[in-house]
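Undergrad: Residues per chain, in single letters:
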Amino acid sequence: MSTLLKLKNVEKTYTSRGAQPVQALVNISFTVESGEFVAIMGESGSGKSTLLNLIATLDNPTGGEITLNGQDLRKVKEGARAKFRREHLGFIFQDFDLLDTFNVQDNIFLPLVLAKKPLAIMKNRLAKLAPRLGISDLLQKYPYELSGGQQQRVAAARAMITEPEILLADEPTGALDSKTSSELLDLLTDVNAQSQQTILMVTHSAVAASHSQRVLFIRDGQIFHQLYRGELNQPDFLTRISETMTAMLTKEGEGQ
Amino acid sequence: MKFYFKLAATNLKADRRLFVPFVMTTSFLMAINLIMLNAYTSSDVLFSQFGAAAGRSLFMFGSVTTAIISVILVIYANNFLRKQRIQQLGLYNIIGFGKGELSKMMAIEKLLLLLTTLLLGGLLGTVLSRISYLTLAKALHVNHHLEFGLSQQAFSIAGIITISLFIILMFIDEIWLIRKQPIDIVREQSAGEREPKVAWLTLIISVGCLIAGYTLAVVITNPLEAMSMFFFAVVFVIAGTYGLFTSGSVFILKWLRNRQNYYYKPKHFINVSNLLYRMQQNGAGLASIAILVTMTLITLATTATLFFGINEIVDQQTPVDLSYSVKANHQAAASRVTELAKIHHVRVRSIRTFTGPSSTLALLKKDRLNSQNTISGPFGFDNARSVQLMTIDSYNQYTGEHRALTGNNILIYTSNHYAGKTLKIGGQTFHVAIRATNFANAPKTFIPNLFVAFPSETQMLDALHHLYPNKSSAELKSSVTTNQDVMLSGSHANQVKLYQDLNKSGIALPDTVQSRAVNYDDTASMMSSFLFLGIVFSATFILATLLILYYKQLAEGYADERRYTILQRVGLSLREVRATINSQLLMLFYLPLVVAAMHVGFALPSSSAS
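If you read the sequences in order, they're chains G and H. According to this note's numbering, the first sequence is numbered sequentially starting from 1192. According to this note's numbering, the second sequence is numbered sequentially starting from 6.
Read the hints as simulated data drawn from the structure, not as lab findings. Ideal Cβ placement from N, Cα and C applies to all residues, glycine included. Errors might be hidden in some of the hints.
[To be verified] Below, in silico cross-link-like pairs of lysine-lysine (BS3-like), each with a Cα-Cα straight-line distance of 30 Å or less:
1) H:Lys7 <-> H:Lys109
2) H:Lys370 <-> G:Lys1332
3) H:Lys104 <-> H:Lys115
4) G:Lys1274 <-> H:Lys115
5) H:Lys7 <-> G:Lys1274
6) G:Lys1308 <-> H:Lys557
7) H:Lys557 <-> H:Lys272
[Unchecked claim] Covered stretches of chain H, as calculated for chain G (at least 3 residues, CB under 8 Å):
8) 266-278
9) 576-583
Using the sequences and the hints given, assemble the complete structure.
TA: See the structure below:
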């Protein structure tokens, strides 16, 4: 396995006029190997979303460097970032973010249309992707006609149709009930296992994190702990994660 | 109570991007109402010399129209305002504002808006009224030192209109509050919108309406019919425009979407789907813009054409400087008029004398001329004729020619072609022996002229009797008068004085004196008033257009915000987002203009004919 994503001493400080600078991320360093499924866990306000925005080139770090496949993200110019995103990254968001003006098929085609890919390729890819995500029957429907779980699967299809090097998921189960959540997580696990799709997921849910192979705990803008799944099955991994979290909370208590 | 005032003031301030245009609109509308009302209340002064009644009713019409437009526009603006605030009102409801409190808050907001409107509108209206009054007075040749052009009555009426407007709005809001729970609407709003379907029936009907309207406008060249049919054409076109924008646009966009090679290109992809989504909500708004722009252009064009065509109109109506009728063969009139003219420093250049009965409207059926009493049916360009009978002697006297006719031969002059070799009047059949190609100073009217000269007076009176079957021969004989066309040289003012003196002198028969100079003043005052109305209306239409455009843009901007954020995340650069928004904006801006241009193109030939 080769290193796909590498963060080295990444910092992000927000400075707003007349207020104290806020350090959102402090000295973050980690790597993601190609084909890995990594979860970044943290409470809200821990800096995990900021981290994802930096990797997504939606924001700039104030220090350190991020490289994707050896390319320094800082060197991707502002105007080329949209192109960079649609060529290298795929996104799944908490609130699905499907466009209500398009039907399902066109929502999925969107990034490819923006990339000016020929129609034949789009159709070809969708034909392969749709059955895997179980959305073959939904293609002509509009987002408002779908359930939350269905919408999230469509969003996953949109993220994956560009065949991205890394799939970035921001609280993908945040707006789903537990049943559809586990369906989606199984789906992500499948995708990761079968097509060696690299996935970086940000979540505050231990259940969601337990589907990954490695969990990075982030607190107050710092990587606090790291947990490998190894040979554990998902329920056991969940227990490990929970224990770690409890330990973290206890330590937090001690610190005060 | 103080709390509500504070709350209302805070709301107005916070949502100023909604309320400022609203207050500007209501203030402008009040100003426009004031201008019209001031013109109306001053119409007696403005039209003191000529046509006071006509001027009064014209400005009355203008005042009523602007008031009606104000009501419609303000209700539209208020509905938009409320829609944009649903979320906010819902929030107030959630944190514990009952309906009573909400309606109190909204009423006080209205009160504050009303006070601002009265102040701003009053000020603006005063300035603009004064300016427009001075302009009008100048155009109408009125001594404008007389009055300031501002009347208390106008201010009271404009104030009452504005206050009533706000009371109406309060009622509408109140009804809305009673009928709906704001919290329900917040939920309703966040629910997705359905994909628009092509409303085939609407589409077919609206295309039909548009074709019908255009056909009416183009096909009808007869000005008499055009005047009445133009109204129907307008109704058809308005209905067609609304239908076309709402259903036609959906049809076209769906067709574009089905053309995959066109649709799956970045720019088209986003634009077509956005517009498709948008058209359903905004078709009506765009149609309104198209119609308002059309109305503005047509109003301005016709009133300006009329204004700049004053000379032509005057030439048509009064081809000679002075004309009057006297009793048949009254010899002394000419010399007395010449004397009168001298007193007023006007020189008589020429006098043409014509003796005959007054002209009459008759119906021409093939080669038979019938009295207008005999047929009850539509008058048209085809069958109606303005008939002037005369003897050949009168003809010769008037034209200075030396024509001779005998037996049943007649001379005719027509302003449109008459092919017949004979002309039947009553039991008589006349042979057209001479066709005059020209008749000096023949009145130019919508109805074609048919002049007939007979060999003898008896024949003429006989023919006249058939056109006036209800009148006795004696009456008809006495209706024959002598008319004199006088060409003058002298100043405009002196010619007006000559006209007034001649009217008083009793030389001419009552109500027969016509002066080109006086007619010019009359026409000019009418046309300037038309132009004034045209400009005021156009200003109102433009205001309405701007308001709709602004609110539409604002609403869409907010609706699009989320959409473009998603697009950016998926991989659309900021520059591409901007380009897409711009091209969509331009499309939405130009589409109504293109349609308006099309309407105007079809309408103008027709409206300038009438």
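Undergrad: A separate judgement is required for each hint: does it hold in the structure or not?
TA: Status of the hints after comparison with the structure:
no.	hint	in the structure
1	H:Lys7 <-> H:Lys109	holds (12 Å)
2	H:Lys370 <-> G:Lys1332	violated (68 Å)
3	H:Lys104 <-> H:Lys115	holds (16 Å)
4	G:Lys1274 <-> H:Lys115	violated (50 Å)
5	H:Lys7 <-> G:Lys1274	violated (56 Å)
6	G:Lys1308 <-> H:Lys557	violated (34 Å)
7	H:Lys557 <-> H:Lys272	holds (22 Å)
8	266-278	holds (count 6)
9	576-583	holds (count 6)
Going through the hint list in order, the structure does not satisfy hints 2, 4, 5 and 6.
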